[in-house]
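Enquirer: Going down the list, the protein sequences come from chains A and U. Position one of the first sequence corresponds to residue 1 (the working numbering), numbered consecutively onward. Position one of the second sequence corresponds to residue 1 (the working numbering), numbered consecutively onward.
Mixed in with the good hints there might be a few duds.
Stated by the list, open to error - Reference listing, derived: stretches of chain A covered by chain U, where coverage requires no fewer than 3 residues with Cβ under 8 Å from a Cβ of chain U: (1) 122-128; (2) 165-178.
As the list claims (entries may be wrong) - Each pair of labels, with its calculated beta carbon distance range: (3) A:Leu-79 to U:Gln-73: 41 to 47 Å; (4) A:Leu-252 to U:Ala-104: 23 to 29 Å; (5) U:Asp-57 to A:Phe-75: 31 to 37 Å; (6) A:Leu-79 to U:Asp-57: 33 to 39 Å; (7) A:Thr-127 to U:Arg-54: 48 to 54 Å; (8) U:Gly-51 to A:Arg-78: 47 to 53 Å.
It should be emphasised that the hints constitute simulated quantities derived from the structure, not laboratory data. Beta carbons are placed, not taken as given, at the ideal position from N, Cα and C, and that holds for glycine.
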Amino acid sequence: MPDDLFLMPFLTGLGLAIMLPLLGCYLRLRDEWLAALAYSHVAAAGALLALVAGLPPAVGGAAAAGLAGAGKRVFAARLTGGASYAVLLLGGWSIAVLLAANQPMAERLGHALFDGQLYFAGAGELTLVALATPLALLILWRLSRHLLLAHVYPDFFRVRGLAAWPIQGGFDVLAALVLALATMSLGVMGAFALVFIPPWLAFRRAGSWQRGLAWALAIGLAAFVFAFAMALWLDQPFGPVLALLLIIYGLLVA
Amino acid sequence: MSALLTAKALVAGWQQPATPPLDLVVQPGEIVGLTGPNGVGKSTLLAAFAGRARVFDGQLEKQPNLRIALQTQDVPPVAGLPLCGRELLALTGASAAGLPPWLAERLDLRLDRLSGGQRHYLALWAILQAPADLVLLDEPTNNLDAAGVRHLTEHLHDRARDGCGVLVVSHDAAFVAAACDRVVVLESADA
């Protein structure tokens, strides 16, 4: 990086570009990719609520998304067929937009959360991402086999006494917190693009689960680096540039 | 030697009783067939043995710390999933040793690129070969050709020789006769 001003946003995005595609593979495995969009919107609403209440937005975003993740199984049991994600998504979006429209202090943050202005990321965001990335990867690695087993052989999973918590419930909370963290820096749609498109492409081509993870990671990292340079060069918000690049690549491959 | 599983006048179901009373004992190293007409509740009983369906009446005793492996008629949802055969076996801790050659050479292929029969047998093998004291199988010969049924029969005997108990629900009379040490016929209550 020629300028330290852009080093922190670049490293923050790099950590997220490692976490999100891998997380997305497990969300796609569980047919829960819409949950990612729901968690991002809830995190945005939580961050704006926290700002209005005089609290750090990151804490509000993480708390709201974490609650949504922890309560996901309860919602999903009552609102089947993905309706719980749609309700969370619409609820989060409504609250976030209304706060941004009526609270002057929330307006700027609201735009940043929905536009995806990675270049505003500073030492606070970088520290959080640097701490979260190895922890999230370790948890995913520990949960991986059981998440796959629960999907492929749900009866075998249950008969062996493997519990929904911490395996499935723990994954829900992890996904919500990582999405909240990503939303603060990449924006709602930038985070969703990295969680959805690399796994979608990787699942079509990869010959095994391990190679699928590797493909998703490689696609996510390449798209992030390219989008970072493009957005900087063209002086455009990062989130839409990243999403557009991934969409174009996805359509070409598909 | 203590029984792996003992059912006495057992009646099972989901929301309400759905099976006639059953008396059954499965010993280690024994292959027991459970047959009967459609709808009599064979799969529900397997689900009750696995702790999924409710026991409404009678007694069900299982050996303490019994490791059960359960194969149901549900097809593993692997369409569109980049999961290869070797990874599938690793999920349940199953060994590839003893697989028929027509499957062993395809272990590194994605499951959704195998034929229906190959995928079914591999999915079945992952349960059969999982570390377990008691294996519960629900219609294991569905989608299998004659070579597959023959291999399965031989392998069940190998598994039993190692001390594993096997309980098989099947409509395939020839398979049940060849594979099972004894057969329990479940009759509907109104028969």
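Enquirer: Honestly, do Asp-57 of chain U and Phe-75 of chain A meet the 31 to 37 Å range at C-beta?
Expert: Given about 36 Å between the Cβ atoms, the range holds.
Enquirer: Could you see if the CB distance from Leu-79 of chain A to Asp-57 of chain U stays within 33 to 39 Å?
Expert: holds, 35 Å
Enquirer: Using the C-beta atoms of Thr-127 of chain A and Arg-54 of chain U, is the stated range 48 to 54 Å upheld?
Expert: holds, 52 Å
Enquirer: Verify the CB-CB distance for Gly-51 of chain U and Arg-78 of chain A against the hinted window 47 to 53 Å.
Expert: The hinted range 47 to 53 Å is violated for Gly-51 of chain U and Arg-78 of chain A, with Cβ atoms some 25 Å apart.
Enquirer: So the hint says 23 to 29 Å: do the beta-carbon atoms of Leu-252 of chain A and Ala-104 of chain U match that?
Expert: With Cβ atoms ~37 Å apart, the hint is violated.
Enquirer: Count the residues of the region 122-128 of chain A whose Cβ falls closer than 8 Å to any Cβ of chain U, and tell me whether that reaches three.
Expert: Contact hint for the region 122-128 of chain A vs chain U: violated, 0 residues under 8 Å.
Enquirer: Can the suggested window of 41 to 47 Å be confirmed for the beta-carbon pair Leu-79 of chain A and Gln-73 of chain U?
Expert: Given a distance of about 28 Å, which is not inside 41 to 47 Å, the answer is violated.
Enquirer: Under a C-beta cut-off of less than 8 Å, do 3 or more residues of the region 165-178 of chain A approach chain U closely enough to confirm the stated coverage?
Expert: violated (count 0)
The structure fails to meet hints 1, 2, 3, 4 and 8 from the earlier list, while all remaining hints are met.
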